[in-house]
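Undergrad: Respectively, the protein sequence lines represent chains A and B. Position 75 of the first sequence, counting from 1, maps to 84 under this note's numbering, and the rest follow consecutively. Position 459 of the second sequence, counting from 1, maps to 460 under this note's numbering, and the rest follow consecutively.
Simulated from the structure, these hints should not be mistaken for lab results. Hints are not guaranteed to be accurate.
To be verified - Output of the computed footprint for chain B on chain A, the stretches with three or more beta carbons under 8 Å from beta carbons of chain B:
#: 1; segment: 24 to 31
#: 2; segment: 34 to 44
#: 3; segment: 59 to 68
#: 4; segment: 83 to 96
As the list claims (entries may be wrong) - A partial selection of chain B residues facing chain A, derived with a Cβ cut-off under 10 Å:
#: 5; residue: 58
#: 6; residue: 192
#: 7; residue: 301
#: 8; residue: 304
#: 9; residue: 305
#: 10; residue: 320
#: 11; residue: 336
#: 12; residue: 378
#: 13; residue: 380
#: 14; residue: 381
#: 15; residue: 409
#: 16; residue: 411
#: 17; residue: 419
#: 18; residue: 445
Backbone N, C-alpha and C fix where the C-beta goes; we use that ideal spot for every residue, glycine too.
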Amino acid sequence: MSLLSRQDVQRIAELARLELTSEELDLFTRQLGDILTYVEQIRALDTTGVEPTSQVLNRPVDRDDAPGATLTRAQLLGNAPDAAPEAGLFKVPRVIG
Amino acid sequence: MTQLRKGTRLRHGVGGQAGEPGAVAAVEQSLARLTQVEPQLSAFNTVMAERALDRARALDASAPIGPLHGVPVALKDNLCTAGVPTTASSKILSGFVPPYTATAVERLEAAGAIVIGKTNLDEFGMGSSTENSALGATRNPWDLTRTPGGSSGGSAAAVAARVVPIALGSDTGGSIRQPAGLCGIVGLKPTYGRVSRYGLLAFASSLDHIGPLTTTVADAAVAFSVIGGFDPRDSTSSSEPMPDLHAALTGDVNGLRIGVPRAFLGEGVDASVLEAFASALNVFAARGARIVDIDLPHAGHGIPIYYLICTAEASSNLARYDGVRYGHRTRLQKDDTLQHMYERTRDEGFGAEVKRRIMLGTYVLSAGYYDAYYLKAQQVRTLVRRDYDRAFETVDVVATPTTPTPAFKLGEKTSDPVQMYLNDIFTVSANLTGLPSISIPCGFASPALPIGLQLTGRLFDEATLLRAADAFQRDTTFHTNAPSLAEATEGKPLDA
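Turn these sequences into a full structure, and let the hints steer you where they fit.
TA: If you want it as structure tokens, here you go:
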């Protein structure tokens, strides 16, 4: 039995902001199911009391909150598919009706 | 910056000539070679011929500025280069021209290196064959019907075909070492935090590393000494002092303890790989190293935990590609909402493997599954780290093959993600633990397909790792064999 239904995959796609085609939904339902079946093996391991590793550096990675040089507004807007550089804005479809 | 060894072999990788050709000559030779082999290999996304020649002329007019003065190099196309397109081999970054340059690239250039081009990869580094590229697959120079490995397959193919003596790659689960192994060259993944990732397009931030691909360990050591060291622009960059690699490459491995996790080398490993691996251990033993059996009981779980963690991190890192600030945006239709724009942009811009990983990562981070998958994987990651901590109480270096098989055929594993993932069985541990790890050529299967030996060292102990790997190359010639593709077409002048 697959661990994921087609409806599950549709819901994940919505969370991930991906508009999948019907073929992609079928393919991913099967393939993600296969991958989850494969990774099931670790669920049998006893990890009681084991600290999780989120990164291997044994120190904080925060920097001082000090202002420094950054890229300019023009540089940052320069790659935008649609922008209003004179106003310093990225342009997107209307959000508020 | 110090010159590592008198008469470093860097130039030989380019021209096969001793002495000091000028930067212009070196770049012309490199570009000529590229022109010859590129139609067969498809290793490059972008060639920067004019920029490279301009820079070469400037370098020829100046005193030597560093240990890589006039050396042509290639960069994996997920490293940002100001003014030069950077694609990650993804349609979603089409049109993107970074306004800044990655630290590792800046440092290479400050040492005198000349970037001649950007190389192909599996999209965003997600793959083991360079087939997941929006720009088409790269081919293995040893056999054009096979993959060069991945995801740094373009960089590996370019070095193996003697286009450049050094290329940079990135390694999240083996993406430098696996293609180096399958292409018969050297690939170094330094300790986590050694090389700044500023300007590397992020895939999985707790696992991503930058490192060099070269033909010799000595060249990898030079490149690493140039790109490594603290960078305030990367919050995960380490301030640990860089090792003195000049002093390290002595060839002396007498008494060095090399651990072999026998139980981990069982099923699924090709006989040709096991044979080459056994011979490699004999080379070390003949130099006085001691071969010691070790146990890494959790290493076999590396692949599942790797794919849970890297996909979770990728789903977060790739959320930024939304069609607003850079790259591809879907063609807007009447009444499209912002949400429509995001969803269609991402569906059009990402390839299948990237979508698969974003989906898996989104799932394992979602409410109700976080503890069962993501947290569990992070706990088993701790168990893998403890295995290595224990092993390094009794050994100095751990040896395994780099990959279970030599290079596989193009298309052979594209339909079955799990089969593709199993390629990374020996390489993912070093990403999960952050340990420095290197692949060096250690033999050939029949027909002539390279086999890689992987050595892994203690955290921040690249010195011992590179000493062992360099000692091996002093007694072997596998790294001097170039694919016949390379021999057939030496030294033709650049067209036009």
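Undergrad: All the hints need checking, so say for each whether the structure fits it.
TA: Tested hints:
For the segment 24 to 31 of chain A, the stated coverage by chain B is satisfied: 7 residues place a CB nearer than 8 Å to a CB of that chain, which reaches the threshold of 3. Residues of the segment 34 to 44 of chain A lying with their CB closer than 8 Å to a CB of chain B number 6, which satisfies the three-residue condition for coverage. Given as covered by chain B, the segment 59 to 68 of chain A passes the check, having 8 residues with a CB less than 8 Å from a CB of that chain where 3 are the minimum. With a threshold of 8 Å between beta carbons, the proposed coverage of the segment 83 to 96 of chain A by chain B holds, since 7 of its residues qualify and at least three are required.
Proximity of residue 58 of chain B to chain A is violated relative to the hint, the smallest CB-CB distance being about 28 Å (cut-off 10 Å). The beta carbon of residue 192 of chain B is positioned within 10 Å of a beta carbon in chain A (closest approach about 9 Å), and the interface hint is therefore held. Interface hint status for residue 301 of chain B: upheld, as the beta-carbon distance to the closest one in chain A is roughly 9 Å, under 10 Å. For residue 304 of chain B, the interface hint holds, since its Cβ comes within 10 Å of a Cβ in chain A; the closest pair sits about 8 Å apart.
With a cut of 10 Å, the hint placing residue 305 of chain B at the interface with chain A holds, because the nearest CB-to-CB distance is about 4 Å. Look at residue 320 of chain B: its Cβ gets to within about 8 Å of chain A, closer than 10 Å, so that hint holds up. Taking 10 Å as the C-beta contact cut-off toward chain A, the hint placing residue 336 of chain B at the interface holds, the least distance being around 9 Å. The criterion of a C-beta within 10 Å of any C-beta in chain A is met by residue 378 of chain B, whose closest approach is roughly 7 Å, and the hint holds.
For residue 380 of chain B, the interface hint holds, the least distance from its beta-carbon to any beta-carbon of chain A being 4 Å, beneath 10 Å. Interface restraint check for residue 381 of chain B: the shortest CB-CB distance to chain A comes to about 5 Å, inside 10 Å, so the restraint holds. A distance limit of 10 Å between C-beta atoms decides the matter here; for residue 409 of chain B the minimum to chain A is near 19 Å, and the interface restraint is violated. Annotation: interface hint on residue 411 of chain B violated; nearest CB of chain A at approximately 20 Å, more than 10 Å.
Hint status for residue 419 of chain B: holds, given a least beta-carbon distance of 5 Å to chain A, under 10 Å. Against a cut-off of 10 Å between C-beta atoms, the interface hint on residue 445 of chain B is violated, since the closest Cβ of chain A lies about 32 Å away.
Violation of the numbered hints given earlier is confined to hints 5, 15, 16, 18; the remaining hints are satisfied by the structure.
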